[in-house]
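Asks: So the protein lines, in turn, are chains A and B.
Per my numbering, residue 3 is the first one in the first sequence, and the count goes up by one each step.
Per my numbering, residue 96 is the first one in the second sequence, and the count goes up by one each step.
Please keep in mind that the hints were generated in silico from the structure rather than gathered at the bench.
Incorrect hints may appear among the rest.
Taking lysine to any residue and the SDA-like style, the derived pairs with C-alpha atoms no more than 25 Å apart in a straight line are [said to hold, decoys possible]:
1) B:K98 with B:D124
2) B:K98 with B:I319
3) B:K111 with B:D296
4) B:K111 with A:A57
5) B:K111 with A:T75
6) A:K253 with A:P226
7) A:K86 with A:E66
8) A:K253 with B:R327
9) A:K86 with B:D124
10) B:K111 with A:L94
11) B:K111 with A:R59
12) B:K340 with B:F357
13) B:K340 with B:G356
14) B:K111 with A:P226
15) A:K86 with B:G176
16) B:K179 with A:D133
17) B:K111 with A:K253
18) B:K111 with A:D97
19) B:K111 with A:D71
20) B:K111 with B:D307
21) B:K111 with B:K340
22) B:K111 with A:P201
23) B:K111 with B:L295
24) A:K86 with B:K340
Label-pair distances were calculated between CB atoms; the ranges are [claimed, not checked]:
25) B:V335 with A:F106: 49 to 57 Å
26) B:D262 with A:G34: 46 to 54 Å
27) A:T83 with B:E214: 32 to 40 Å
28) A:R79 with B:D138: 26 to 34 Å
29) A:P211 with B:G139: 27 to 35 Å
30) A:N35 with B:T121: 28 to 36 Å
31) B:T309 with A:R252: 50 to 58 Å
32) B:S324 with A:N35: 38 to 46 Å
33) A:A29 with B:G314: 20 to 28 Å
34) A:P211 with B:K179: 42 to 50 Å
35) A:A223 with B:G312: 26 to 34 Å
36) B:Q172 with A:N48: 29 to 37 Å
All of these numbers come straight from a predicted model, not from anything done at the bench.
Ideal Cβ placement from N, Cα and C applies to all residues, glycine included.
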Amino acid sequence: MSARPTLQSWSRAFAAALTDPAAPVPAGLETGNTPADRLRFAVYRNNVHVGLVEALRRAFPVVERVVGDAFFTAMARDYVTHNKPTSPVLILYGDRFAAFIAAFAPAARLPYLPDLARLERAWLESYHAADVAALGVPALAALDAALLAGAVLTPHPAARVVRSSYAVGSIWSAHSAARTHPSGRIDAGRAETVLVTRPEARVDVTIIPDRDAGFVLDVLAGTPLGEAAVRASQANPAFDFGTALTGLVRKGALAATTTQGAVT
Amino acid sequence: MTKLDVLPDRAGVGLKGEHYADIVGTWPDLGFFEVHAENYMGDGGPPHRYLETIAAHYPLSFHGVGLSIGGDGPIDQDHIGRLKTLIDRYRPASFSEHLAWSTHDSAYLNDLLPLPYTEQTLARVCEHVDEVQNALGRRMLLENPSTYVLFSESTIEETEFLTRIADRTGCGLLLDVNNVMVSTVNHRLDPYAYIERFALDLVGEIHMAGYDETVDGAGDRLLIDAHGSAVRPDVFELFVFALNKAGPRPVLVEWDNNVPGFAELHAEARRVEAVIARSRGSRPVAAQ
């Protein structure tokens, strides 16, 4: 004769059976006077999976538009099976989805798809990032020119950069409701660097001109302004420091307070 | 000036991102808005901007889905911390959670899962409710679940289980009328008898939603708590019965999937509001 199941044992069995579709219905479940059948337990399994797939669908709408509903659902279900959330805050679920797509063989015919997912993840993180005042153009103009070269500017919490060997900014834009860039034929194989910022209450997605891409990445990674400018000029003589920095500031990519350097 | 720190005995609706633009500026005549607390656990951005605006005009109810109060493991301290930050910021009129579990060995299972009702689980749930109420510095409401299976080892009937939790911890109850219909139909029980047994004097809020219907392997009706449609007629009738027994209460219309246009949601709330108005004539059981 076995002891009554303890809370510990039933919840472990329940959780294990939830995540393994081949597992039998755990012992000790009923529907009043008859044992619970698979279809009843399947409601719980389905709720878990559908809820997480829907969370991914909300977070990666452009990836879904590109691959279609059926493909996305199958891909998302596979991710969900192997990546259970560790937090109930599902608005940020899917942090490993882009890496998962990169290793997901059926998606290999769309080589830009992982970077497109990285861009959508950057958009989501930007949308939920902390509200912090951005460095404005007047504050930039007021910086001491003598100290500017050594200044390290702080990225705004909502700023992200995605650098891709593919035209992910253009692809995102063509499929997005926002349509920030005119869409024509896209050369998917053209490399793009995309800046994601959140000036005011709206997320902005901007394709950075090639000559500024390295500078934007360097500045947001904490490189002193002077060093970033020298590198950008060496890479492309057409680089213009004032235009590049003002553009970054106008997009709200920098925080009003800096950790070190010229702004006091 | 609307009193914002208490839920009025009126109809409210779940706040959906799709409806922000319909609400801000037009300020529809509604008693309150309810949000899933977890949807506002981002650091900032548009969701908080809208919620702050709405919080200045309406009482708010925060409804949690992730505390896993019915779980056998300890309450997630990070999650309680996030909840406390949110509640301290917005000071909602009400906070509620579910008699259910959703976390196991730190994996979040994203559903409101059932638990057996025994003396052992009762003690554990009461510890969790005490812990939450102490951490948040406020009384919470605990909601009756919708269930698709029962546990053979249960020794306490569900409404008694809820009443005993409330008696021991001082928490209030949230009566989800749709969940009552879903669970009682699924387990071939009488929904009206369930309402008769429920401690209506402890009810601080009522929830209403739409269910989906299918059949189980034996061909028996199986109702699913889907929140994807208007309230079904049998649930509405049960609600009228419950409200006439309880007296006026704050009543929420939940519609989380296949979200309709705001006008349709508001119309559903007005249908509920008419019932609340009529219940003012009935002899209410005082809410604590």
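Asks: Flag every earlier hint the structure violates by its number, smallest first.
Replies: Per hint list: 2, 3, 8, 9, 12, 13, 14, 17, 21, 23, 24, 26, 30, 32 and 35 violated.
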